[in-house]
Amino acid sequence: MIRKNDEFTLEITDLGTNGEGIGRLNQGDENDGYTVFVKDALIGDKIRTKIIKPKKNYGYGRLMEIITPSPYRVAPPCPVARACGGCQIMHLDYKEQLRFKENKVRNLLERVGGLRDFTMLPILGMEEPYYYRNKAQFPVGKNKDGRIVMGFYAGHTHAIVDTEHCYIQHPLNETLIRIIKNWMEKYKIQPYDEQTGKGLVRHVLTRIGSTTGQVMVCLVINGGSLPHGDALVDALTAVDGMTSISININREKTNVILGSLVKTLWGQPYITDYIGNIAYQISPLSFYQVNPGQTRVLYEKALEFADPKPGEVVWDLYCGIGTISLFLAQKASKVYGVEIVPQAIEDAKNNARLNHMDNVEFFVGKAEEVLPREYEKNGVYADVIVVDPPRKGCDASLLECMVQMAPKRIVYVSCDPATLARDLKYLSEHGYKVDVVQCVDMFGHSVHTETVVSLSRKKLDRIISIN
0 MIRKNDEFTL EITDLGTNGE GIGRLNQGDE NDGYTVFVKD ALIGDKIRTK
50 IIKPKKNYGY GRLMEIITPS PYRVAPPCPV ARACGGCQIM HLDYKEQLRF
100 KENKVRNLLE RVGGLRDFTM LPILGMEEPY YYRNKAQFPV GKNKDGRIVM
150 GFYAGHTHAI VDTEHCYIQH PLNETLIRII KNWMEKYKIQ PYDEQTGKGL
200 VRHVLTRIGS TTGQVMVCLV INGGSLPHGD ALVDALTAVD GMTSISININ
250 REKTNVILGS LVKTLWGQPY ITDYIGNIAY QISPLSFYQV NPGQTRVLYE
300 KALEFADPKP GEVVWDLYCG IGTISLFLAQ KASKVYGVEI VPQAIEDAKN
350 NARLNHMDNV EFFVGKAEEV LPREYEKNGV YADVIVVDPP RKGCDASLLE
400 CMVQMAPKRI VYVSCDPATL ARDLKYLSEH GYKVDVVQCV DMFGHSVHTE
450 TVVSLSRKKL DRIISIN
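Position 143 of the sequence shown, counted from 1, bears residue number 142 in numbering that gives the first Met the number 0, the numbering being contiguous throughout.
Just so you know, these hints were derived from the structure itself, not from any lab. Worth double-checking, as some hints may not be accurate.
[What the hints assert, rightly or not] Simulated crosslink set (DSS-like; lysine-lysine; CA at most 30 angstroms straight-line):
1) K141 <-> K262
2) K52 <-> K3
3) K94 <-> K391
4) K252 <-> K391
5) K424 <-> K458
6) K391 <-> K432
7) K391 <-> K376
8) K3 <-> K143
9) K38 <-> K49
10) K49 <-> K3
11) K391 <-> K348
12) K333 <-> K457
13) K424 <-> K308
14) K457 <-> K308
15) K54 <-> K38
16) K197 <-> K185
17) K54 <-> K391
18) K376 <-> K407
19) K55 <-> K3
20) K308 <-> K187
21) K262 <-> K197
22) K180 <-> K262
23) K457 <-> K365
24) K252 <-> K262
25) K38 <-> K333
26) K262 <-> K308
27) K348 <-> K424
28) K457 <-> K391
29) K348 <-> K262
30) K252 <-> K185
31) K55 <-> K38
32) K308 <-> K407
33) K94 <-> K45
34) K348 <-> K333
35) K391 <-> K365
36) K197 <-> K187
37) K262 <-> K185
[Stated by the list, open to error] Simulated restraints on C-beta separations:
38) Y273 <-> G84: 23 to 33 angstroms
39) R250 <-> Q26: 46 to 56 angstroms
40) P78 <-> D434: 36 to 46 angstroms
If you're wondering where the values come from, they're calculated on a predicted model, not measured in any experiment. The beta-carbon is built from N, C-alpha and C at its ideal position, and this holds for glycine as well.
Generate the whole structure from the sequences, applying the supplied hints.
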């Protein structure tokens, strides 16, 4: 029987979906075959592990010693990579990271989705998997010595790992964080305390335009105003490219980072950036992909799969600020976008005007409510549907409506391969064939990946034979 604090030597033979090493005990006793998940262990490692959470048939172990390192193991450049929750697999060679992500998606599509007959293209990785993020959200707190810390949460906790220099964030963040820290210390501005609900500064949000160089800083605060805000503005406006300085008000005792109200302290309420030839205005509340280089790769692939033609109507569900919608509008006759966040739809409309596109129309609301309403009551149809849902995937009623509308093609963009597999299973059982799957690495050194899938409507005789 396996007990807490038992120690074993373990060969790691697989990686879990969260990047943890997986090994099975081979001790020559009744525990043989017992599965152990070990954070920071890699395929090919021989390790010593201590059991920290035993279950009946499996358990979780802590990496105590690497006896023989994996041939894929590399030294992460970041000194806090193991403690920080942001880069779960920075110690894995980047080519092997890509292989891991592609295999994870394929395995889930086959195991959960029951899919076999599809083409999986090689994953599209980054040329340079460092300093690629254009957005950061730094939690603010105090360490045990009472000093202000800003950085990222340690894995599965709200303990802040103090990090000024991050190897996947834009290097300018180091300057921005130092300015804000110095301002807080000088004027004794208190960070927010999650336990007591007291203190002012909760998070620091930054965005940096990859093509324009425009810089945004937004402080998320537990209050209605910012004491000594003028001094902070004076310091931040000395930074080249500074375009927007604002506060976001969040007085709720919640883990949700942003509140709904933003007040501009200086400059514009947004920054502008480009993906390809299309300009986007991005506010603090906007959803905008964090890796601009790979975003262009992803959206061009979505456009290729959608293949909108003159005269065709396209629906873009979960459209955000219209990023994919405007890509589609370059070729389609009409694009309809749907998004539940009102501010995002305002941004989307502004972005359409900014790019002089008048063949796009946007709706505020839940996709699973707007699409059936427009289809059933107003007779709006679709030649192509593009869907880019959050991690929870598509609502069942939305999938049902999509099938009823019977578009020629569906393009599914996903940030979660498990819910992607679930939804593709439904679509494949209701008249659609999964043709091509393409993974795009947007988040180097993490376990996450984006996937774009091309589906086509099956021929009628084949649908009848399946049913």
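Outcome of the hint check:
For the hint linking K141 to K262, the alpha-carbon distance of about 26 angstroms falls within 30 angstroms, and the restraint holds. Distance check on the hinted pair: K52 and K3 sit about 6 angstroms apart at the alpha-carbon level, within 30 angstroms; holds. Of the pairs offered as hints, the one joining K94 and K391 holds, with about 28 angstroms between alpha carbons and a cut-off of 30 angstroms not exceeded. Straight-line distance between C-alpha atoms of K252 and K391 comes to about 24 angstroms, which keeps the hinted pair within the 30 angstroms bound.
Using a Cα cut-off of 30 angstroms, the hinted pair K424 and K458 holds, with the two alpha carbons roughly 18 angstroms apart. Pair hint K391 plus K432 holds up; C-alpha atoms about 22 angstroms apart against a cutoff of 30 angstroms. Only pairs whose Cα atoms come within 30 angstroms are accepted, and K391 paired with K376 is accepted, the gap being roughly 27 angstroms. Taking the CA atoms of K3 and K143, the gap is about 29 angstroms. The hint holds against a cut of 30 angstroms.
A hinted pair counts as satisfied when its Cα atoms are at most 30 angstroms apart, and K38 with K49 qualifies at roughly 11 angstroms. Taking the CA atoms of K49 and K3, the gap is about 8 angstroms. The hint holds against a cut of 30 angstroms. With a C-alpha separation of about 26 angstroms, the suggested pairing of K391 with K348 holds against the 30 angstroms cut-off. With a C-alpha separation of about 24 angstroms, the suggested pairing of K333 with K457 holds against the 30 angstroms cut-off.
Simply put, K424 and K308 have alpha-carbon atoms about 27 angstroms apart, close enough for the 30 angstroms limit, and the pair holds. Distance check on the hinted pair: K457 and K308 sit about 20 angstroms apart at the alpha-carbon level, within 30 angstroms; holds. For the suggested pair K54 and K38, the alpha carbons sit about 16 angstroms apart, so the restraint of at most 30 angstroms is met. Annotation: proposed proximity of K197 to K185 holds, straight-line Cα distance about 19 angstroms (limit 30 angstroms).
About 27 angstroms separates the Cα atoms of K54 and K391, which keeps this hinted pair within 30 angstroms; it holds. For the hint linking K376 to K407, the alpha-carbon distance of about 21 angstroms falls within 30 angstroms, and the restraint holds. Taking the CA atoms of K55 and K3, the gap is about 12 angstroms. The hint holds against a cut of 30 angstroms. At roughly 59 angstroms between alpha-carbon atoms, K308 and K187 are farther apart than 30 angstroms, so this suggested pair is violated.
A threshold of 30 angstroms between alpha carbons decides the hint, and for K262 with K197 the separation of about 21 angstroms falls inside it, so the pair holds. For the hint linking K180 to K262, the alpha-carbon distance of about 21 angstroms falls within 30 angstroms, and the restraint holds. The hinted pair formed by K457 and K365 meets the criterion: a straight-line CA distance of about 28 angstroms does not exceed 30 angstroms. Between K252 and K262 the CA atoms are separated by roughly 20 angstroms; this keeps the pair inside 30 angstroms, and the hint holds.
A threshold of 30 angstroms between alpha carbons decides the hint, and for K38 with K333 the separation of about 48 angstroms lies outside it, so the pair is violated. For the given pair, K262 sits about 42 angstroms from K308 by alpha-carbon distance, which is inconsistent with the 30 angstroms threshold. With a CA separation close to 34 angstroms, the supplied pair K348 and K424 exceeds the 30 angstroms bound. This hinted pair checks out: K457 and K391 have alpha carbons roughly 26 angstroms apart, not beyond 30 angstroms.
The straight-line distance between the Cα atoms of K348 and K262 is roughly 21 angstroms, inside the 30 angstroms bound, and the hint therefore holds. With a C-alpha separation of about 27 angstroms, the suggested pairing of K252 with K185 holds against the 30 angstroms cut-off. Restraint check: the Cα-Cα separation between K55 and K38 comes to about 19 angstroms, which is no more than 30 angstroms; the hinted pair holds. With a C-alpha separation of about 12 angstroms, the suggested pair K308 and K407 falls inside the 30 angstroms cut-off, and the hint holds.
Our distance criterion of 30 angstroms between C-alpha atoms is met by K94 and K45, whose separation comes to about 21 angstroms. Straight-line distance between C-alpha atoms of K348 and K333 comes to about 14 angstroms, which keeps the hinted pair within the 30 angstroms bound. Between K391 and K365 the alpha-carbon distance is near 14 angstroms, which keeps this suggested pair within the 30 angstroms criterion. Proximity of K197 to K187 is assessed by CA-CA distance (about 14 angstroms); at most 30 angstroms being required, the pair is judged to hold.
Our distance criterion of 30 angstroms between C-alpha atoms is met by K262 and K185, whose separation comes to about 23 angstroms. A C-beta distance of roughly 31 angstroms is found between Y273 and G84, which places it inside the suggested range of 23 to 33 angstroms. At roughly 55 angstroms, the beta carbons of R250 and Q26 sit within the given window of 46 to 56 angstroms. Here the CB-CB span from P78 to D434 is close to 45 angstroms, well matched to the stated 36 to 46 angstroms.
Taken one by one, the earlier hints fail for this structure at numbers 20, 25, 26 and 27, listed in ascending order.
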